[in-house]
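Colleague: Single-letter residue listing:
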Amino acid sequence: MTLDYKGATEKYEPTLGLEVHVELNTNSKMFCSCATEFGAEPNTQTCPVCLGLPGALPVVNGKAIESTILIGLALNCSIAPYSRFARKNYFYPDMPKNFQTSQYDEPICVDGYLDVEIETDEGPKVFRVDIERVHMEEDTGKSLHVGGSTGRIHGAEYSLLDYNRAGIPLVEIVTRIIPGTGKYAPQVARAYVTQLRDILRSLGVSDVKMEQGSLRCDANVSLAPIGSGLLGTRSETKNVNSLRSVERALTGEIERQANRLEAGERIIQETRHFLEESGLTRPGRSKEQAEDYRYFPEPDLVPVTPDAKWIEELRAKLPENPADRRKRLQKEWNVPDSEMNSLINAELVDVVEETIKLGAEPTRARTWWLGEISRLANEKEVAPTSLITTAFVAEIIALITSGDLTDKLARQVVEGVVNGEGSPKQVIEKRGLKVVSDDSALMVAIEAAIAAQPDTAERIRGGNIPAAGALIGAVMKATGGQADAAKVRELLLKHLGQG
Amino acid sequence: MAAISRDDVAHLAKLARVEMTPDELDHMATELDQILGAVKRVQEVATADIAPTSHPLSMSNVFRDDVVKPSLTNEEALSGAPAKAEDRFKVPQILGEE
Amino acid sequence: MTNIHSTAAEMASALATKEISSVELTKQHLDRISAVDGKIHAFLHVDSEGAIAQAEAIDAKRAAGEKLAPLAGVPIAVKDILAQKGIPTTAGSKILEGWRPPYDSTVVAKLKAAGVVILGKTNMDEFAMGSSTENSAYGTTQNPWDLTRTPGGSSGGSAAAVSAFEAPLAIGTDTGGSIRQPAALTGIVGVKPTYGGVSRYGVIAYSSSLDQVGPFGRTVLDTALLHEVIAGHDERDSTSINAPVPQVVAAAKKLDVKGMKIGVIKELSGSGFQAGVSARINESLELLVAAGAEIVEVSCPNFEYALAAYYLIAPSEASSNLARFDSMRYGLRVGDDGSKGAEEVMSATREAGFGSEVKRRIILGTYALSSGYYDAYYGSAQKVRTLVKQDFEKAFAKADVLVSPVTPTTAFKIGEKSNDPVAMYLSDIATIPVNMAGIGGMSLPVGLAEEDGLPVGLQIMAPLMQDDRFYRVGGTLEAALLSKWGKPILSNAPDLMVQK
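Protein chains in written order, with our numbering: chain A, 7 to 505; chain B, 50 to 147; chain C, 89 to 588.
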């Protein structure tokens, strides 16, 4: 009988381990001055250093070190007073020197943690994820396999290499094993990666785009019978390219391992690849015969020895932890969990906060971003933040608050700005969208309406107040909707002796 | 330290990506054995209390500014390539995946 | 009259006074190369066109009254381990046959900027692994003093070129003695600067923590003039010293050692050294004493482990540095018949492209770094490095410079040691401690050994970043020797135009 996920986790205890690789968003590469732009023409962002040409030497990008220290600090790590680069020796065509300049036993940040909160059957629960190390290394080039589909080589097959990505700074964040998550292992993993991504984004050190590979997660998991106190053999799943996949991949892998164990088979220590379509993993290279990486200190580089002053300067630059910040904003804005979650899921927390900082009334700031602007963004299939600036949104909201725009007019202003008609002021000008609040202009329209419907006017004079709706409607129509309906009502009733 | 066997050399040659004929393996095993016999003297004085020196100078924190400088052109980058195609280095099929 | 037998300093002043043009001087050297290099085989590539074009450009600048660097217009030979844009650069290996770098090494760039005319690239042991140039994939270089003997190595081509008057100056690299040993065996001056004193950018790496670029010349002053051209901080080399370059030219001209303490290293004298070598060394010490220096004896007990440590550290780093030669991006590719995968082609190429000494060191280094052996081998060797450094520190507390013979013997016969790697390694016994500690050292010709009439070199060592000290001592001793001999040592070398 095969076990489903529930069955698997009733019998086996998963132990997690997560390795996250983050591409830093520095202008230049880790060890040379080549650009790091994504999507450039092949082999146009390379030089003797990142191509591994004979004689070339690396020089460390200071910004990358700062970013790594910032990450370490944000993850509650100690910053090593002395750390070194090491060469990790193995042959692979996408690695120009056939060694990766990395860090081995002297990483730059050690011993941190991140608390992640997930929803459990018993309500919200916090899991502490211990972080073993945060270290620096360099990315590899990209290979393109041409010809053949069977995976075995024959005549026409070859590979093409582009080294634009080779040497882009990577930070690897490695957790200690995470025990005790039980059936929540996949959720804890997802929550950890999510929170890590948010922290990295708040630090401004990476684009953290999983789909572009600037944030990559390798998920290790092993199973042992519940209560056995044992640690099973782990597999490592790569190619996990979204937050959702982190959760799916682990769920699938836990089920797979449980069923192997049930069948009396052993777990092979190996790298597995996540298949996005099926949610399953397939085996990659076996690590049974462990690679001998022959690490040794990189002789072409000197140690990194950040002093306390530098570290404290960087610590002072740390932004508020995104999770804390959200709690604080939710309280300040006094919004329910559901709305806060909507803002978080739509990645609108930052812009809403900024819009409010620019003077917008908080409720309106939230509803405009979540409502009209998100709707337009959905239609155009782009991010809301790409449509309009926070300054323009704040300006429009200010006009609503002051009564210069009605909601209806404001929607037209937003539409105009989004369509590239200029600033809110310019759109209002061009489209003539000002609220008509000039009493005399309105009075002309009101008198015209009365003249057109004298019977209705008479009924109102006689005390039939609800009849006013028809005249108000006529005035609104006549003014193209630019009048404030409440104002029209007030003036009309007054004029007919009912005010 | 055990003598170096032919299998040891074969394993090292594989790690180092150097193909070797059986004759070469035998020859290398003998030579390595001699050399290791001579160099293992270092262990006589390398006691635990001595700090290793990996570099002659005690420098640290040598960094460069995060400034982009011109790269090689695609043509220059590929100028030494034994084979190229589609602006990329053309190499024999890469087996296995990473 | 200025000609190929002049010193570089003489050439420079003749160029400055326009007594001779750079084109004339360059052509004289190219003619000499044509005439004698068939016997010597110092050059792997002679760039006649490029050299003449460079010389013409310098002459034009001079004619236009531009201010030029001191050595502008003087020719030079460059070891084939330094990348030179567009010029074949092989490091003496088949695996790099035909490779033309798309960039200049910093040293080549500095030479070009100073107007020094690059004649071509010189022969060397493959990837600088060797002490005789016999490990070159392109044939051995012969010693101008005796064509049946080696000029030493690995910078044997550069040393032979200077000794044979094919170039007044040359660039070499020194990882365990590869400048000083060939200088000693060919009767010229060679300097291994303090580690980090000269940029390694563009120098094909053998052992990164030991490699250092340095100058060859026929006199101490010539060598100093070149030293100042190539030295200095380079932001492309993280291990480059960011401090002013020692004033080596001024030191070379000082000709005064009064009050200086010269330390003789007990462990590098007496037994184990050829009698004729020791005799010349002792004679030099007497001349230094006569010049007002004081001789003290120092002991460096850990030097006996330095050779062993070197043959662990250098191969270990080399095994990693040479991993990049895999046929994917440049150089030789073997066996790519469409049926093999990249991994197989890599292995086949490395088998075909590397010589046996290179393979031996790659395998040795791979072993020394592999898990389970790291501490016993690489780790222990690094500890020995600490001990060697400490020995030097103690010795320099007693002496301003230290001296020893450069080599145990004079030039040995080609083929004599090529089947005995351990015996070959022993020829570096006196030079290796200097690289281990990162300090600088000079090889100065101090005469000919009685028994074979071949040159003997004295090694003068100074503390880190005090390279001016050995120029001062070397210059003073050179002057004393010259006045004793009445003519330069190289005038004793056989005439290559008649030697068969």
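Bear in mind the hints are in silico, worked out from the structure with no lab data behind them.
A quick note: this is a predicted structure, and the numbers were derived from the prediction, not measured.
Certain hints may be false.
What the hints assert, rightly or not - If the Cβ cut is set under 8 Å, some of the chain A residues that face chain B in the computed set are:
(1) Asn31
(2) Asn33
(3) Tyr301
(4) Val308
(5) Glu378
(6) Leu382
(7) Ala480
Cβ atoms here follow ideal geometry from the backbone N, Cα and C, with glycine treated the same way.
Colleague: Decide, hint by hint, whether the structure agrees.
Modeller: Right, here's what the structure says about each hint:
Interface hint at asparagine 31 of chain A: violated, since its Cβ lies 10 Å from the closest Cβ of chain B, which is beyond the 8 Å cut-off. Residue-level restraint check for asparagine 33 of chain A holds (minimum Cβ-Cβ distance to chain B is 5 Å; threshold 8 Å). Hint status for tyrosine 301 of chain A: violated, given a least beta-carbon distance of 12 Å to chain B, over 8 Å. Hint status for valine 308 of chain A: holds, given a least beta-carbon distance of 4 Å to chain B, under 8 Å.
Taking 8 Å as the C-beta contact cut-off toward chain B, the hint placing glutamate 378 of chain A at the interface is violated, the least distance being around 40 Å. A least Cβ separation of about 36 Å between leucine 382 of chain A and chain B goes past the 8 Å threshold, and the interface hint is therefore violated. Using the Cβ-Cβ criterion of 8 Å, the hint placing alanine 480 of chain A at the interface with chain B is not satisfied: the shortest such distance is roughly 65 Å.
Comparing the model with each earlier hint shows violations of hints 1, 3, 5, 6, 7; every other hint is respected.
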